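Enquirer: Chain A is fixed; fit chain B onto it per the hints.
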Amino acid sequence: MTHLLEIRNVSRRFGGVQAVGDVTAHVNEGELVGLIGPNGAGKTTLFNLISGFTPLSGGTVAFAGRTISGLKPNQVARLGISRTFQNLRVFPNMSVFDNVSVGAVGALPQGAFGALFGGLHRSGRDRSAEISRRTWEALEAVGLTHVAAELAANLPYGQRKYLEIARALAMRPRFLILDEPAAGLNDTETRDLAAFIKRLHGQGLTVMLVEHDMTLVMGICQRILVLASGRKIADGTPDAIRTDAAVLEAYLGVDE
Amino acid sequence: MNAFENAAPADGLTRRRGLLVPALILLLVFAALPALLAGFDKGYFYQIANLALIFVLLSASMHLVTGVAGLLHLGHAAFYGVGAYTAALLTSKLGLGFTVTLPLSGLVAALVAFLVALPTMRLVSIYFAVATLAIGQMLYLVMLNWVDFTKGPNGVIVSKGFELFGFSLSGRLGAYYTVAAVVTLSVIAIGRLSHSYYGNALRSIREDDQCADAMGVSTVRLKMEAFTLSAFFAGIAGSLWAHMTGYISPGDFKFSESILILAMVVVGGLGSLPGAVIGALLLILLPEGLRALGDFRNIMVGLVMFLSILLLPKGLLGEVSALRLVRRQLGAAWRNTGPANGKGEGIGWR
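Chains as they are written, first to last, in the working numbering: chain A, 1 to 256; chain B, 1 to 350.
This is chain A alone, in the form it adopts within the complex:
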């Protein structure tokens, strides 16, 4: 069986720094996978390599049996990989609805021609109705319909997190990558977020999340990948990871 995401011998150098070195990993369809590692382990770089933000120095990435290394981020996104960002990137001067609609229109493009003449024929009207429908559904999924008309910049931090997830969901992705979704959230908010991610996963979405919050990762992920200094040092169930010697060494250090 082929994996949904196949990362083979992937590496990336920034000048003299090996940010990611020879990482091989996979994600199966329907899995909820965690990616953890100490600061500077290369987690975000690995995400950027998958989503096309950073070109690879070596190796290949394949998604649904198709090589995606070398594609631009928007091409990767249209194949069904959707992501959020570590440092929260919403479109501040657009309304909540308009923010989320960008995800929908990204997956279901409306071109200049469609914008100009779409109102005149049925397929054009269907297209914008479908974009509106997907946008509204994504807002319902994260519970933000009551602030749909608000400017994104006016939302409190916690809601902006969900806005970013809604925008990613509006693309109707096959694979969702969440980069530190719990950063900056308090315990209650983190618990709610964990339940929300579990619910998304329960609906059949394949999810990968990078997270510092161990309880979150250990609590909901089926499998965990551990990176340290750009290399994969472990790959297993939460229970196996908790007792893995290499992981303990990377996180806690070890006496010489």
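Everything labelled a hint here was simulated from the structure, so no lab data went into it.
One should not assume that every hint holds.
Covered stretches of chain B, going by a simulated chain A footprint (3 or more residues, C-beta under 8 Å) [what the hints assert, rightly or not]:
no., stretch
1, 194-205
2, 214-224
DEER-style ranges, computed between Cβ atoms [as the list claims (entries may be wrong)]:
no., chain 1, residue 1, chain 2, residue 2, range
3, B, Gly246, A, Asn87, 52 to 62 Å
4, A, Gly70, B, Leu285, 52 to 62 Å
5, B, Leu72, A, Gly16, 29 to 39 Å
6, A, Arg13, B, Leu303, 51 to 61 Å
This one's a predicted model, so the numbers in the text were calculated from it and none came from an experiment.
Built from N, CA and C at the ideal position, the CB exists for glycine as well.
Expert: Frame of chain A, contents of chain B only:
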């Protein structure tokens, strides 16, 4: 109306219609104003009305690239010039009329924009602005110095006025109606481009282009499109100008004109199409209205611009208010009957 027309796209969203405001605007532009102009029957007033309309189109077209897509464009007047010279040269060298030169002016300006955009579209922010400044200067210098082709600083006489398929429209009122019709149709087209999900994709590039890229938006392609389309409409404005004045010269399209158009867009409100229209009307009509003040009027115009930016940094009609206005009054949006508000405020785009 088919079944789909009446169906909601999702719970909480239904269609809405608004026709009153557009009807009033059309009545003003095509009935009240021409009636007034005919009543006064002064060539000068017709000139001002046509000039204001042409600058409305220039400002609206720059709104698309600078206000919506967020690309600071410092060479817009050059594409206006390319359109005007296309019309003028096609008329003087080949004897073609307005019916043919109008679309060709737009297309030639768009083609030139497309070619210069190819290498510049990967530039960002200030670097893109400087590149457009250079492009504007280059095109201006071609108009000025390629004497054999453009007649250089002597300018070109455009011997033909407005006509439609040979039917002459060159009387004062005919010219006004031609300019008004072309500008209105173009502004409606620009409205469709900026008040749609396509427009939202352009706005997302302005807000955060990397993030837009991750959402599946082809940023480079969309920037090219916005730049090229805006040049197309500037070219259309150029053709109107050439046939309206009957004489063009490079001085009409120099850097200061680009800055004037930019000022219209900024004073009106970046990202706001109604704002761009208001900004153009203000900065054309104000100096004319203040003619009695003599040279002092330029200081007044500067003062108005300065104060409007100081007091209303988001513009006379900022983007947020403008989008709300468009959604409420022009029927461009869905009516939100969901939990957001029971008042039925417009949301999204139809």
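Enquirer: Hints first: check each against the structure and report whether it holds.
Expert: Hint by hint, here is what the structure shows:
1. 194-205: holds (count 8)
2. 214-224: Answer holds; 6 residues pass the 8 Å Cβ test.
3. B:Gly246 - A:Asn87: 52 to 62 Å: Check passed, 58 Å falls within 52 to 62 Å.
4. A:Gly70 - B:Leu285: 52 to 62 Å: holds (54 Å)
5. B:Leu72 - A:Gly16: 29 to 39 Å: Between leucine 72 of chain B and glycine 16 of chain A, where Cβ atoms are some 36 Å apart, the hint holds.
6. A:Arg13 - B:Leu303: 51 to 61 Å: holds (57 Å)
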